[in-house]
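Engineer: Please build the complete structure, drawing on both the sequences and the hints.
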Amino acid sequence: MQERLSFYKKRESAVHRLNPLSKLTLALGIVFVSFLSPYYWTPHLLILFAVIPLSLLGKVLREYINAMLRLILPTAGFLFIMQALFQPLEGVELFRFGFLHPTQESVLFAFANATRIVVMVSSFTIFLLTTHPNELMTDLTRRGLPGQFAYVIISTLQIIPQMQAKAQTIIAAQRSRGLDTESTFFKRAGSLIPLVGPLVFGSLVEVEERAIAIEARGFTSTRVKTSLNSIPDTNKDKLIRWSLIVIIIVTLASRIWLS
Amino acid sequence: MKIEIRDLEFSYPAGIQALRGITLTIGSGEQVAIVGQNGAGKTTLVRHFNGLLQPTSGEIQIGGWDTRKYSVAKLASRIGYVFQNPDEQLFSRDVKTEVAFGPKNLGYPNEQVEILVHEALEMTELSDKTEMNPYDLSPTWRKMVAIASIISMDTPIVIFDEPTTGQDAANIARIANVIKVLRERGKTLITITHDIDFCAENFERVIAMSQGKILLDGKANEVLGQEDRLATTYVDPPQLTRLATRLELNDTIIREDMFLTELHKKLTRTL
Ligand SMILES: Nc1ncnc2c1ncn2[C@@H]1O[C@H](COP(=O)(O)OP(=O)(O)O)[C@@H](O)[C@H]1O
Ligand SMILES: [Mg+2]
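Sequences listed follow chains A and B, in order. First residue of the first sequence: 1, per my numbering; consecutive thereafter. First residue of the second sequence: 260, per my numbering; consecutive thereafter.
These are calculated hints, taken from the structure and not from any lab test. Keep in mind that this is a model prediction, so the values were computed, not measured. Note that CB positions come from ideal geometry on N, CA and C, so glycine has one too. One should not assume that every hint holds.
[To be verified] A few chain B residues that don't get close to chain A, going by computed Cβ distances all over 10 angstroms: (1) Glu263; (2) Asp266; (3) Thr284; (4) Ser287; (5) Lys328; (6) Ser397; (7) Gln426; (8) Ala432; (9) Lys439; (10) Leu441; (11) Arg442; (12) Glu486; (13) Leu499; (14) Leu506; (15) Asp516; (16) Leu522.
[What the hints assert, rightly or not] Think about it this way: if two alpha-carbon atoms lie no more than 30 angstroms apart in a straight line, the pair counts; the simulated BS3-like pairs of lysine-lysine are: (17) Lys261/B <-> Lys363/B; (18) Lys59/A <-> Lys10/A; (19) Lys225/A <-> Lys238/A; (20) Lys388/B <-> Lys166/A; (21) Lys333/B <-> Lys472/B; (22) Lys9/A <-> Lys166/A; (23) Lys166/A <-> Lys363/B; (24) Lys439/B <-> Lys478/B; (25) Lys59/A <-> Lys9/A; (26) Lys328/B <-> Lys166/A; (27) Lys355/B <-> Lys166/A; (28) Lys9/A <-> Lys238/A; (29) Lys333/B <-> Lys166/A.
Structural biologist: If you want it as structure tokens, here you go:
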């Protein structure tokens, strides 16, 4: 299994050892609480006391910070600025610049929203960093998720890196046969055209071949399937999942009654 | 067209040093076979000839063109490279389009492209399969399509990367025939192969590689006779050569006719 086909980082940690469903529940739980909680500071506290400790515990802090700086913060920062400027709520006006007149309320509102986005993306980043996609799918299908559904998810996760690798080999083959891909911009753009056909066509052929291959191994068989890899599901896992469900319900209840 | 390689070293980005100092000259019209264990660096070496890989240090001249200064597309007018795996090379919807792709890119006039494609299909016995999709052909025929798509470019140098691996006897004979025709046309041919009998029967010069270096280089019978040194790169001399050695025949034997002559001589001497 080529690891560059997913985000997964193979480490030895308590988070890695958790059952994939527990980790999925954890990721979803954090997102639910940050969006549903009636308290303003909940998302911020979640980052400090849930997201960062989890990334430490899972030994993926460095990868997480990397993703944070390169993807999460720029996106959230952009959302914050757009919302703060363009969604003026009634309240204390901070300044006026042309048609822009952000208020204290709009800034606070935008800040909370941006933080929620940070929490959501962060919690799934940590989930993907510590969970192998195959393990997740094996576990979910064992619990009754239809195999077709798992197949769609897995192949979607892998299609981009696979297409990239395929494009590289086709380009090498075409250049070896005199296709000029490296001179002017127009030649470059023009040389994309002979690439598109084989890339799409080749990928379709591959899909068909893969379908035949998995069918030959009884993919649509209705019998109960066994799995080569056993994925542990301990009492600790069950405890974590039930606690999370209780937390989510409590949050939901407080949302309904407190606001 | 001459190939000159000087002090070639190459490391893959992942850090593996695949070539450790190769100096080599291949003259115009020579037929060279390259042998050696898996991972010896044979593919890596020939991918430098048409510029698909660029040397980490050292240089390669193809008929006076430094491969660092010419694009792969330019070098394609001098070197045709048949990939080891046809699936990495074929991308068209039908055989004819595939075979015409190279000569069209090289800018031959249309009538010339027609002639070249026709000849290449004839030589590879594909004339009755021109409309078929390469993916619907068996792997042996796909290999022939890959070969046809390169020889249609009519380049002075042709490289075959393991042409006979995984092929049946009939297809090996077809490939040998293609090589024979190209030799008669005066092409420079370089073939990587594990098939030592194929090597003995079709090539005059043999280069044995091991761990990124050249181990042996010389006339086929000189190289293939050195059983001990070839063993270090996991190559066995042809069965006939080993038999001749055991029989203590004069000379290193690599072909049937040589074997029969020497055996006859020895028998008349001893009887
Ligand atoms: N694309 C690549 N990336 C990294 N290493 C490679 C790549 N291709 C080949 N190698 C390594 O380079 C060495 C030489 O490989 P190669 O030239 O393919 O050998 P051969 O063709 O003689 O079997 C091997 O150790 C191989 O693992
Ligand atoms: Mg090779």
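Engineer: Kindly indicate which numbered hints from before are broken by the structure, ordering the numbers from low to high.
Structural biologist: Those not satisfied: there are none.
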